[in-house]
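Protein chains: 2
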Amino acid sequence: MGFKKIIEEKSDKSWGMYIPNLSIDCVIFGFHDTILKVLVVKMKGNNLWALPGGYILKTENIEVAANRILQQRTGANNIYLQQFRVFSDLNRSEGFFEEFENTIWNKQRFLSVGFYALVDFSTVNLVVDDLSDACEWKSVDELPQLMMDHKSIFDKALITLRKQLNYKPIGFNLLPEKFTMPEIQKLYEIILGKKLNRGNFFRKMLRYDILIKLDESRKGGAHKAPDLYKFDVEKYQMALKNGLNEGW
Amino acid sequence: MGFKKIIEEKSDKSWGMYIPNLSIDCVIFGFHDTILKVLVVKMKGNNLWALPGGYILKTENIEVAANRILQQRTGANNIYLQQFRVFSDLNRSEGFFEEFENTIWNKQRFLSVGFYALVDFSTVNLVVDDLSDACEWKSVDELPQLMMDHKSIFDKALITLRKQLNYKPIGFNLLPEKFTMPEIQKLYEIILGKKLNRGNFFRKMLRYDILIKLDESRKGGAHKAPDLYKFDVEKYQMALKNGLNEGW
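Protein sequence lines correspond, in order, to chains X and L.
First residue of the first sequence: 1, per my numbering; consecutive thereafter.
First residue of the second sequence: 1001, per my numbering; consecutive thereafter.
If we strip away everything but chain X, and leave its shape as in the complex, we get:
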């Protein structure tokens, strides 16, 4: 069944089930082996890519809705999503459904709540839903063209993630259990999209006081074996809750 037909068939039911005028879009950043990607779905029967999105049941709050939508559309489970902004420009989505009847659910004005998360993409199992031809991780440097205002939703999510580096720890579940200072620096550099000074990074990271230096170093390679670190899980959790040491 084609995209238009599916949309039309779902319309009546959607009016009954969901809060009108409101949608959710998810920006799922994936990190693995020094590569940053984002999860996108390809709309059935055309070449447009989109952020995974959907609607809010009349009986659920938006956090529950976002997790359900992500699971149904992509198969991705157990991802801790955080809302970050409402996108409400006039005609941000309506024009996309111009060829549809005015009574069709999708042709309403939608204000969309953006959610984001950062996960290790190698641990996520993906499944394609019935409105999509594909669901894939794409490198943030080589994003396909995204429909509607999804590129600007992506951009805002990335800015939010970067700000978060200033008050929350990051890296647990993204780095191997034991890692070197250059490896965690690389994670920061990739998220920030810029090189950082090695000495400054080292000092600032130690001031955070969330790392334990191990009595071992990385073997092999021509250079001096670099020191290995792991996260101090208790301090890391405290910093997640109360903010980083370096914060106010």
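Please note that a few of the clues may not be correct.
[Unchecked claim] Partner residues aside, some chain X positions facing chain L, computed with beta carbon under 8 Å:
1) Asn21
2) Ser88
3) Leu111
[To be verified] Output of the computed footprint for chain L on chain X, the stretches with three or more beta carbons under 8 Å from beta carbons of chain L:
4) 48–62
5) 74–87
6) 156–165
7) 188–197
[As the list claims (entries may be wrong)] Straight-line Cα separation of at most 25 Å, PhoX-like style, residue types lysine-lysine; simulated pairs:
8) Lys168(X) - Lys1204(L)
9) Lys1194(L) - Lys241(X)
10) Lys204(X) - Lys1194(L)
11) Lys107(X) - Lys37(X)
Hints were generated in silico from the structure; no laboratory data involved.
Beta carbons are placed, not taken as given, at the ideal position from N, Cα and C, and that holds for glycine.
Following the hints, position chain L against chain X.
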């Protein structure tokens, strides 16, 4: 005219004008002379206080709506509002209108978008709207009981403001043009709700590189006259745009 009557009379018109199921609530923090307050309105005909709030016209985005609502409900103008979170718990507002007919606009389920701002409260002119008996600045330490989930919206706004201290400069338009280091430290302490170490504050603030030390000091008083500073407006604006020096 009583509160119930006004709500009922406005209902039909509201269904035609506004996006259903969606509201806005504004947390306006006011600072002046080392006092932190928040702007609240007293609902007509009962003793409940509320954050200034309202609805979104079908023809406006939420930023325009938030500024219009704040202006209409409180008279406050030219306040730079920032959205920070959607509050969507089931029954967060519906129960408040239990005694009304089910078709009344206000009795819907509302998801509410929270906006916040921090201003010098001595510069704001307030006017009371037709749904309110009063519109006042209340000290954050002595808040009256707030209706619905407005206390938790207030709490989240305060947490957001505190986080913001880690990546954005603050104080312009809140402090006098020339100020001492203890005075700006006091601003931070009042927002954070805790004492800060004087030496650490001094070093960190200087690393931000947004202050200019003046060739004059505060006269009078028994102690050594403290140095005066002012903001380097150009660097302050840059930091607003690109984040603080101390950030990543």
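Quick rundown of the hints versus the structure:
no. : hint                   : result
1   : Asn21                  : 5 Å, holds
2   : Ser88                  : 4 Å, holds
3   : Leu111                 : 7 Å, holds
4   : 48–62                  : holds (count 6)
5   : 74–87                  : holds (count 3)
6   : 156–165                : holds (count 3)
7   : 188–197                : holds (count 3)
8   : Lys168(X) - Lys1204(L) : 18 Å, holds
9   : Lys1194(L) - Lys241(X) : 17 Å, holds
10  : Lys204(X) - Lys1194(L) : 23 Å, holds
11  : Lys107(X) - Lys37(X)   : 30 Å, violated
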